[in-house]
Structures are given as structure tokens and as C-alpha cells.
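Protein sequences appear in the order of chains A and B.
Those letters in the first sequence? Residues 1 to 101, by the working numbering.
Those letters in the second sequence? Residues 102 to 405, by the working numbering.
These are computed hints drawn from the structure, not numbers from a lab.
Just so you know, these numbers come straight off a predicted model, no measurement behind them.
Positions of the beta carbon are idealized from the N, C-alpha and C atoms, including for glycine.
Some hints could be false.
Partial list, computed: chain A residues near chain B (C-beta under 10 angstroms) [stated by the list, open to error]:
#: 1; residue: F24
#: 2; residue: M32
#: 3; residue: S56
#: 4; residue: L86
#: 5; residue: I91
#: 6; residue: I100
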Amino acid sequence: MSLDREFADDGKELTIFLEEKFDFGKVQDFRMAYSEGCEGVTSIIINLQKTEYMDSSALGMLLNMHKSLSDSVTSFKITHCRPQVLKILQIARFSKKFNIV
Amino acid sequence: MRILVVDDDNLNRFLLVHMLEQQGYTDTFEAEDGKVALELAKRIQPDLVLLDVVMPELDGYEVAPKLKKLAGDIYLPIIFITAMEDEKSLARCLEVGGDDFVTKPFDKVILAAKIRAHARTRLLSKKTFEQNKQLTFYRNAIEREHKIVEHIFTNALSVDKSFTRYLDYCLNPASDFNGDLFIVSASPTGGMYFLIGDFTGHGLASAIGALPVSQAFQTMSRKGLSLMEMAETINQTLLMLLPDDMFFAAAIVEINNTGKQIDIWNGGMPSLLLQGPSGKIVKRFASRHMALGILESHEFETEV
């Protein structure tokens with residue numbers, strides 16, 4: 001099942017909504033969500049409002065996205081983190097690559 | 102499609118073989134009684150059997166289970182051709198191991214359709230059997246390979262016995278191969294280094310990175326390098342080796358020869374806790390860096 005996403009600002013801003021579990025099972029869906037029909041996107045927002053569980057492969061997937069899009073995308077944001085997810089991102093020091101708000 | 106026709110009546114056999122030919126089944130064999138049928142089945146390994154019930158020597162009811170046994174794990178369809186029409190006899194055809202029945206005089210269209218249907222199931226069963234065989238083969242091969250790798254890993258990554266009096270440790274991995282790593286090494290100045298880490302993901306793929314890390318760690322420990330240099334080198338090695346979505350969260354710790362000074366580099370691991378003599382937590386050392394294998398050298402911070 002593909003992930004929900006939303007384009008804004010004339011297609012320059014893409015928001016991807018993750019589900020309850022963000023782990024290796026999402027690898028395909030997540031890659032599709034940021035690679036299909038995303039020409040012209042310069043800002044990516046990862047919305048983790050629903051996400052209650054996240055593992056290290058999810059961190060890997062985020063890094064992968066960052067690396068593959070860093071030529072065209074200038075802003076990477078992670079938003080609406082629940083406390084337990086925020087803690088993982090803090091331990092992993094993801095603020096060095098992502099704007100966590 | 103090889104079909105065995107078993108009937109003691111010449112004319113019946115002729116009719117059946119002729120009908121099969123018309124349907125395009127030309128690979129047919131005939132047996133005039135149960136005994137001959139079993140001998141023949143052993144030799145030719147039929148894909149389907151048309152079996153008469155009433156025969157001298159072994160009758161159809163006795164032959165069916167024996168034929169099934171010969172076929173082993175692959176489904177061998179047996180269709181009874183019988184003149185009997187009472188429910189009991191027909192039910193018995195299925196009870197002894199038959200798969201279907203047609204009453205004499207047989208209807209060509211129905212019999213041909215039944216043969217095709219059972220042939221499909223036979224094919225499916227053959228496929229499953231082959232796949233099972235392959236699966237078993239692969240499973241054995243993988244088990245053998247895992248044993249070899251496990252052997253190498255235990256030799257390369259086990260904690261040196263000379264440290265065990267200083268250390269109580271517990272590694273509780275979810276599977277045989279995993280990305281969890283705990284390695285210890287002496288420093289040339291009389292202290293020691295240790296490294297606790299965890300690779301992204303599970304299983305063999307995540308464990309593979311442990312070898313180069315361990316080699317680099319041992320070499321650098323012998324030279325007495327600083328934690329900064331260690332972290333930088335391991336980061337560089339992993340950056341080169343690991344795919345983009347894989348990394349290694351790790352804490353590297355150096356304890357000097359007095360045991361009173363501790364340096365810690367923590368990248369992506371939960372806080373390390375320092376306990377006082379009473380067991381109270383005196384200090385927490387939180388992660389201050391991203392895990393190893395993510396950042397390019399120029400972005401990488403080595404601050405201890």
C-alpha cells in the first residue's frame with residue numbers, strides 16, 4: 001500500500017505521511033513516495049504524526065533519501081514526532097541532516 | 102503424459118487406448134492384471150492410471166494403494182473404470198485410494214475431461230515436489246554457509262579471555278547473525294579500549310560490517326591511537342563499505358591505566374551510564390554524534 005503524500009507551493013513542497021510502523025517493510029513504499037513524480041520538488045517534509053514505532057532501517061531509509069535527493073532538494077524537515085520517535089532521532093543526531101520541528 | 106491402462110478385458114483396453122489416442126495421449130501402456138500393472142508402474146512411472154476393479158489375481162481395490170505407495174510424494178491420479186454402479190462399490194473406489202471413477206460403458210467426453218483435470222493436479226504436485234527439493238537444497242546450503250561464517254565471526258569477534266576479570270557483559274542478539282558488536286582491546290599504555298555498537302538492520306547483512314570494524318579497532322588499539330582518530334578511521338572505512346542506508350551506531354571508550362580517566366565517543370547509541378560504588382548513576386554520556394558510516398570526512402566531528 002502506498003504512502004499518503006501531498007504537494008504544495010506549485011509542486012515545490014512534498015509532504016510524505018508515514019504510518020504507525022516505520023520499518024523495513026516500508027522500504028519500497030517510502031522510496032516510491034519520494035521518487036515518483038517529484039521533479040521540481042525542492043522541499044521535503046516527513047510527517048510522523050501517526051508513527052509510533054521506528055527502527056534503524058527507517059533511519060537508513062531517511063538517510064538514503066537525503067543522499068539521493070541532496071542535489072535537487074534544499075530543505076528536509078521531519079515534523080509531528082511523538083516523544084518516543086523524537087528520542088530515537090535525537091540519539092541518532094538526525095538534526096545534523098534534517099530540520100526536526 | 103504417460104497413462105497406464107489396467108483391465109483384464111482385451112476389448113476394454115483397446116477401447117480405452119483408442120479413446121486416449123483420439124485425445125492426443127499416445128504415450129500409453131497396457132496391463133492385463135494387477136500384478137503386471139505394479140511391475141509395469143515401477144518401470145515406466147505413469148502420470149495417470151485407468152484401473153478396472155474386477156480382475157483375476159490382484160483386483161483394482163488391492164492395486165490402488167500399492168500404486169499410490171509406488172508414486173511416493175508425487176500425486177498419482179487413479180481413475181477407476183467400473184461396471185459396478187452400486188453406491189457402496191463406487192465409494193470404495195475412493196476409500197482405497199482412488200481419486201475418481203467412471204462407470205462402463207464410459208462416456209468419452211466425461212472421461213477425457215476427468216483425465217485433463219487430474220493431469221493438471223499431477224503437474225501441480227510435480228512442481229511443488231521439485232520446488233520442495235530445491236528449497237531443501239538451498240536451506241542446507243545456507244545452513245552450511247552460516248556455520249562457516251559463524252565460525253569466522255566467533256574467532257574474529259570474541260572477547261579476549263584476559264579481559265574477562267574486568268568485564269561483565271551480556272550480548273542478547275535476536276538471531277545468530279546480527280549487527281551487535283562488543284570488542285575490547287588493550288592499549289599500549291596499560292589501559293584499555295572497548296567498543297559497543299549496533300549496525301542497521303538484522304541478520305547476516307548487518308553482521309558483515311563487524312569484521313572490518315573489529316580489524317581496524319584492534320590495529321588502532323595496538324598503536325594507542327586516540328578515540329578521535331579511531332572514530333574518524335572507522336567512519337571513513339564504513340562510509341566506503343556500507344550502502345547509503347546502512348550505518349553503525351557505536352560508543353568507543355578508553356580507560357587509562359589508573360582506571361580513573363575515561364574518554365567516551367558516542368555516536369548514535371543510547372546514553373552510557375557511569376555507576377558509583379553504591380550503584381547510583383553518577384553520570385550519563387549521551388550521544389553527541391551521528392552514527393558511523395553516514396557523514397563525509399569534512400562533516401564528521403570527532404569531539405570526545
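Against the earlier hints, flag every one the structure doesn't satisfy and list their numbers going up. 2, 4, 6
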